[in-house]
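With chain A held as given, fit chain V onto it using these hints.
Going line by line, the protein sequences match chains A and V. Residue numbering for the first sequence is 1 to 168, as defined by my numbering. Residue numbering for the second sequence is 1001 to 1203, as defined by my numbering.
Simulated from the structure, these hints should not be mistaken for lab results. Note that this is a predicted model, so its numbers are computed, not measured. Check the hints yourself; a few may be wrong.
Have a look at the derived ranges for each label pair, beta carbon to beta carbon [unchecked claim]:
#1 ARG20(A) <-> ARG1041(V): 22 to 30 Å
#2 SER1002(V) <-> LYS142(A): 17 to 25 Å
#3 CYS140(A) <-> LEU1046(V): 36 to 44 Å
#4 GLN84(A) <-> LEU1046(V): 34 to 42 Å
#5 VAL1037(V) <-> GLY161(A): 47 to 55 Å
#6 ALA1048(V) <-> MET131(A): 45 to 53 Å
#7 LYS142(A) <-> VAL1057(V): 51 to 59 Å
#8 GLN38(A) <-> SER1043(V): 23 to 31 Å
#9 ARG1186(V) <-> LYS57(A): 54 to 62 Å
#10 LEU1056(V) <-> ALA143(A): 53 to 61 Å
#11 ARG81(A) <-> ARG1005(V): 26 to 34 Å
#12 ALA1050(V) <-> LYS142(A): 42 to 50 Å
#13 VAL1138(V) <-> ARG60(A): 54 to 62 Å
Note that beta-carbon positions come from the ideal geometry of N, C-alpha and C, so glycine has one too.
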Amino acid sequence: MNLEGWHDDQADVAYAWLFREEFAAVVRTAFLILHNRQEAEDVAQEAFMQLLVHWRKVGRYERPEAWVRRVAIRLAARRLRREQLRAILHRSVDPPVPTMPVDVDLLRALRALAPQQRAAVALFYLEDRPMAEIAQILGCSKATVKVHLFKARKRLAELLGEEHVDVP
Amino acid sequence: MSLDRRLREGLGRIAAGIDPDVDWHLRRAVRGARRRVVLRRASATLAAAAVIITSLVIAPRALDALSSLTRRPPAGHPVPAVAEPTTVGNQAIAGTYRRSVPAGDLDVRSNHLAGRWIIELRPEGTMAVTAPASFTGVLSGSQFQVGADTFRTTLFIQDVCSNLPVPTYRWTRVGERLKFTPIDDRCGARVAVLASGPWVSGG
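Bound conformation, chain A alone (with noise of 0.2 Å):
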């Protein structure tokens, strides 16, 4: 990859390798909060690019990528709550749900979480991430990262008639 002069052979390389190890999932995550996956894509890459614009700081943290999947999970959550306000002002329906053979009552279910319990669900079961890198993605505490999926496992075992079992 060439940056064009603007940042030096190492940096490239390191940021061209986070990229290909980190687009997909972060894209996979804002997929979980946005249920959009051309959103999801347009938030992930506008991360990504505020990363490179970035680069020479935030390539010299321990976790750049714990960085850009907090960018690209605030975008996210913004643009929901600018989706879900757009939708109250036009009564518009859901978006459509993917054709793939997936758990659609599952997927509708997580549209009844707030961004931030959408976002906490995903990174605790998808990307298997333990409660303190979820509260440095998330920026708040461990204790409401908890709460966070407590709020989002009661709501969901609600919605798909699951019981309701507290993980520790």
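This is chain V only, laid out in the frame that chain A set:
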């Protein structure tokens, strides 16, 4: 199936169906970020140019305005034409005058104005003032303008009468005595010095 298991498996299946073209996005991110950096640098250059232009064009004017403030009353107040005095009018009372300001007035006491004052009214409109030793305020740069029977001055405008309009007095001269009567002056200290008694001509 437990909720946790359903979530793990269900979300995994949903995510598996999402497989973006990573290389295409990488190229796009690099292009976008580069454009953004170029724009940012251009904005910074423009801002720097604007600062330089401002400092070259506006700063001298600002300095002029600032220096003129030391010769004029605060903005917003009527300004006498002290920069271009009517020397003919000024000539009418040009000369050196003295008087003693009594200590009775509150404004006089609080501003340490009591004592012997000497003013030299020069034809070009400048006013040299000698105050009693007790007064330590600003006197330099005082100017005046004389009309047919009016007298305006910037005396004390940088000190005890700051932020007040330029005053107007009526002047009368009888022999060696020059007397000022306030028409419009909101500064008690100036009224006490200028108009609480007649000025007597003589060095």
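- prompt: Looking back at the numbered hints, which does the structure fail to meet, lowest number first?
  reply: Result: no hint breaks.
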